[in-house]
Amino acid sequence: MKETIKKKLSWAWHVFFPQRVKSNLSVWQRMKMNKVNYLMLAPYFILFTLFTIIPVIASLVLGFTYFNMLEAPKFTGLSNYISIFLNDDIFKLAIKNTIIFALLTGPVSYVLCFILAWFINDLPRHLRTFMTLVFYAPSLSGNLYLIWQFIFSDDQYGLVNSFLMTFMDLGIIKDPIKWFTDEKYIMITLIIVQLWLSLGAGFLALGAGFKTADATLYEAGAIDGIKNRFQELVYITIPSMKRQMLFAAVMQISSSFAVGNISVQLCGFPSTNYAGHTIMTHIHDFGTVRYDMGYACALSTLLLLIMLIMNKVITTVLVEKD
Amino acid sequence: MAKKMHGIKSHSLKTKRVNRSTGGNVAVFLMLIILGSFMLLPVVYTVVQAFKPMEELFLFPPRFMVQNPTIKNFKLISQLIDNLWVPFSRYLFNSVFVSAVGTAGNVIIASMAAYPLAKNDFPGKKILFKIVTIALLFSGGVLGLAQYIIMAKLHMINTYWALILPSVATPMGLFLMKQFMEGISTSLLEAARLDGMNEFQIYWHIVMPNVKPAWLTMIIFAFQGMWSMTGGNFIYKENLKMLPTALAQIQSGGIARAGVAAAANLLMFIPPVLMFLITQSSIMETMAHAGIKE
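Protein chains in written order, with the working numbering: chain A, 1 to 322; chain B, 1 to 294.
Keep in mind the hints are simulated off the structure, nothing from the lab. This one's a predicted model, so the numbers in the text were calculated from it and none came from an experiment. Just so you know, even glycine gets a beta-carbon here, dropped at the ideal spot from N, CA and C. Heads up, some of the hints might be wrong.
Footprint (simulated), chain B over chain A, 3 or more residues, beta carbon under 8 Å [what the hints assert, rightly or not]:
{"#": "1", "stretch": "127 to 136"}
{"#": "2", "stretch": "196 to 203"}
{"#": "3", "stretch": "307 to 314"}
Calculated lysine-lysine pairs in the DSS-like style (CA-CA distance at most 30 Å, straight line) [claimed, not checked]:
{"#": "4", "chain 1": "B", "residue 1": "K119", "chain 2": "A", "residue 2": "K35"}
{"#": "5", "chain 1": "B", "residue 1": "K126", "chain 2": "A", "residue 2": "K312"}
{"#": "6", "chain 1": "A", "residue 1": "K74", "chain 2": "B", "residue 2": "K153"}
{"#": "7", "chain 1": "B", "residue 1": "K125", "chain 2": "A", "residue 2": "K312"}
{"#": "8", "chain 1": "A", "residue 1": "K312", "chain 2": "B", "residue 2": "K153"}
Using the sequences and the hints given, assemble the complete structure.
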């Protein structure tokens, strides 16, 4: 038993810290040679350690404690994780919803980010800036999405309900649909809002990536017999955009697995029968409502693990294509 | 010489248009228009709401467009501003100062760290970058408490530093810059080293101009993040709080302030949009310089 755990741990260790190539110089000598590099890293990593790494480590550790934020944390071993998996029925719902969100919005918005950035790149200057703004505007302001409250309002004053009820007197629906409070509609409504919000950092980075792509490559490609825009995409654009595509993919993972805020803001908390509940809203529940910080930290650790696995898969796929 | 350069530039601009069929262009435009409307309509609705008089906000059946546009909502803001706990100009200064310093610091410090991680080889490089990736993916909203304790130990509670410093070292900024910098040709950097430039000079004079689209993009991310900060956990003195706090005061007052809230949100939205337009059109100017990639 112990042996297998050891094996697995060392496997994990090698995944995260692959072996360095051996060189003639000792590590210390190489470090001294590279003094200036560490100097350049220093300002960032000092601040990053203080305000991100230490808090992240603290919450990884707190995941193994009971901590109500009033008394000192008590070490409880794996009990948080055990209750998450054995006693927490809401967590099952949360993880199901999170995966539905991630699988539906993640790939769709990733493809959209790429295709739209690619199309827009062909447009003349001012039109290009305008279209980029159109697609990025929802992400540009932190609370612009609250307008969906009026669009999908539960009563007949909502734009969508009123449209469906009065459009050409067809009466597509008779009674207003409770978009944000009816269990049947919560997920689909939230997915629409999330898709609307999802052309974010990845989209802009891809757009900037197209701008750094080498224009002469396209000329050379045309001479070499590339006939249409799809061949151009496959043979020139995608190979020269690998790094930006990886960035966009990671950003897409982190945003599509971390859906939660829009659910709290639009559906209220908790949403009807937890129909819009995700891991993030579950963390919100334990961290800020029930003051069970240890449990919330354990949940955060699990979410991190899920994202790391996805990140590993996507990095492998994107890098192996080289 | 200058003429020749110009010739090359316009030639390569023209070749960006090869391999484009009319049918394909039409399909692309159709798709852009359909998806664009889906993205744009809620934004337009937000703008329109701000110009609706009270009775139109609660009209049945609701109308998308405004019939009798009014600037009453905006006038009301200017009255409400006088009743704030702290003069409005103070909130404005806090937000502008923190956003400007934070954005500049973020771009410079994160890209200075990204350069060695992208182009130089030294012990610990891989591990450092792995840590950044892990931190980037850690999003639980459970960091607040530890951050507060660290801030308190550093005596930074109720100072601008509490808002600026954590935003300066973002994992996303470093990741973005590193990805773009990896595309710079190593031989270009070697040539600069042979010319006697030190690493800092290479970073500032060679690397940064070559990844201009990247840091222009990063300016948007950094600015929009800082602009929407409230000061929340680390600032308890009213005169150090940021604009969104003032906004919340203006908007409190329930349904009667629905129009005012829409108008205030619209005003808050203007600076990020301006920032976006400025940086995005500068990105367009950089295209002629492309071509020094690996």
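A quick look at each hint next to the structure:
Beta-carbon proximity to chain B at under 8 Å applies to 8 residues in the stretch 127 to 136 of chain A; the threshold of 3 is reached and the given coverage holds. For the stretch 196 to 203 of chain A, the stated coverage by chain B is satisfied: 3 residues place a CB nearer than 8 Å to a CB of that chain, which reaches the threshold of 3. Check on the stretch 307 to 314 of chain A: 3 of its residues sit with their Cβ under 8 Å from a Cβ of chain B, so the three-residue criterion for coverage holds. For the hint linking K119(B) to K35(A), the alpha-carbon distance of about 15 Å falls within 30 Å, and the restraint holds.
With a C-alpha separation of about 15 Å, the suggested pair K126(B) and K312(A) falls inside the 30 Å cut-off, and the hint holds. Proximity of K74(A) to K153(B) is assessed by CA-CA distance (about 23 Å); at most 30 Å being required, the pair is judged to hold. Our distance criterion of 30 Å between C-alpha atoms is met by K125(B) and K312(A), whose separation comes to about 18 Å. About 36 Å separates the Cα atoms of K312(A) and K153(B), which puts this hinted pair outside 30 Å; it is violated.
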